[in-house]
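S.K.: Generate coordinates for the entire structure from the input sequences, incorporating the hints supplied.
Protein chains: 2
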Amino acid sequence: MTKGPGRTTADGRAGTTEGRRRSRAKRGHGGRLRDELIEAAGTLLDDAGEDGVTIRAVAQAVGVSTPSVYLHFDNRLELLHTVCLGVWDELGRRMLSISAQTTDPFTELHQRSVAYIRFGLDHPLRYRLVATGPATAATEQVADACFRFLRETVQRCADAGVLHGDVTALTRAICASLHGAVSLLILQPTSKWPDDIPQYADDAATLACQGAAALSRAHHGRYET
Amino acid sequence: MTKGPGRTTADGRAGTTEGRRRSRAKRGHGGRLRDELIEAAGTLLDDAGEDGVTIRAVAQAVGVSTPSVYLHFDNRLELLHTVCLGVWDELGRRMLSISAQTTDPFTELHQRSVAYIRFGLDHPLRYRLVATGPATAATEQVADACFRFLRETVQRCADAGVLHGDVTALTRAICASLHGAVSLLILQPTSKWPDDIPQYADDAATLACQGAAALSRAHHGRYET
DNA sequence: ACCGTTAACTTAACGGCGACAACCTGAGGG
DNA sequence: CCCTCAGGTTGTCGCCGTTAAGTTAACGGT
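For the record, the sequence lines run as chains A and B.
Going by our numbering, the residue at position 16 of the first sequence is -3; the numbering climbs one at a time, nothing skipped.
Going by our numbering, the residue at position 124 of the second sequence is 105; the numbering climbs one at a time, nothing skipped.
Derived from the structure by calculation, the hints contain no laboratory data.
Note that the structure is predicted; figures quoted are calculated from it, not measured.
Be aware that one or more of the hints could be misleading.
Since the list gives no way to pick out one identical chain from another, each pair is judged satisfied if it fits inside one copy or across any two copies.
Restricting the straight-line Cα-Cα distance to at most 16 angstroms, the calculated cross-link-like pairs of lysine to aspartate or glutamate (EDC-like) are [unchecked claim]:
(1) Lys173 x Glu121
(2) Lys173 x Asp28
(3) Lys173 x Asp125
(4) Lys173 x Glu59
M.R.: Given below as structure tokens:
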């Protein structure tokens, strides 16, 4: 009865268990599968968490064989990051809409900070993946974009004379503080989150911005007049 | 000629490739292996990064069979976290020595903040594992200890009248800021770190503490007098 | 001196994973 | 009608974490 070595012969065949059987894409539309993979990986991420997003599971969900995924993504991580990037665009839009509604740069800084924190808390899994996972080209791209958004506002504050000193260093310190506010929460179960999330976000943003102001005063006093 | 299933027959035997052949421990000293495993996992972590610390690699490094690891650790994560906990104790010691040297509570808060950041940057891999990995009993224990250290100091500041409002919320905001200062750096290559790390740590601590002060003033104004 | 008990390990195997090389197939243009 | 090549598939490899079940040697008791 002991069958000796016991490999399971093969992966699940395409569409064996679930996922409607896919029709092959037309000649010029190979990218169709790519979109379906991203979407499937997204739902899988929400339903089963990061570990649930295996190449095999994603392939099966769209009704395709496992290696087909590699026709569109170099590896698992790139698929995962692509899923996340889609939602990060949303943050960029929020940032832009804020500066359209605000004139005072320091208020803008505060509001963008709040937006950053709320965004992270709205998409904990996706935030965590690109902001605390292993770095790739995609993560750097996103990180740079965020940094520039904030740096831009800090620069405006500096121009207006409300902040002083090294704009890059100041921005980095603010970024760090905001990132911490997000990541401290998302790496613990939501059950332990504070009751009033908007209040938390506002407080953390206040701490970051007012802290930056204090910091810039300290540097101002040290290096100038 | 195709042999059908192709399993690799077995793991590496104990001590096949490297690691001096271990002598079996005496009756009451089973814990000896445990210590050796922790040490081996530690070096492996430093040499090969987190992914290099596989159960098989650790077992081989001490010259023992793979499943023996499970005699002392429930799973891979617990081994990893145990490795990290050893070094986190150091932070506790630094915190205590700081309060022994300081009388002004706000200065103490600042110095403890600096200590926290510098500690994280001194042990990036170990910090990351317990502070941004999946939560376990070990991580919670460490997180709670840190939180209490800071909360204690914040409380002293509140007693001295230099901070006001909800001590727990204030501490949480500070923790978040400090954690962010550490994690923002450790998740990117050291080549991209700022040149002056002590300065960075001091700035981030200043931002956190002064930000907290500003925050507590805001709350004070809102709810009282 | 023997012997049962049990701590401290080992061998063997399971099931799953990411990744790759090599093959197949059917729609579209000539 | 047949040829081509984008859009897939089959079959494996070599890892991984983890578990079940067996083996060996130190000790306590008689």
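S.K.: With reference to the structure, classify each hint as holding or not holding.
M.R.: Structure-based check of each hint:
For the identical chains of this complex, Lys173 and Glu121 are inter-copy neighbours only, at 12 angstroms across copies versus 30 angstroms inside a copy, given an alpha-carbon limit of 16 angstroms. Taking CA atoms no more than 16 angstroms apart as the test, Lys173 paired with Asp28 passes in neither setting, with 21 angstroms inside one copy and 35 angstroms between copies. Within a single copy, Lys173 and Asp125 get their C-alpha atoms only as close as 31 angstroms, which misses the 16 angstroms cut-off; across copies the closest is 13 angstroms, which meets it. In this assembly of identical chains, the alpha carbons of Lys173 and Glu59 never lie at most 16 angstroms apart, being 31 angstroms within a copy and 22 angstroms across copies at closest.
Checked against the numbered hints listed earlier, the structure breaks hints 2, 4; every other hint is satisfied.
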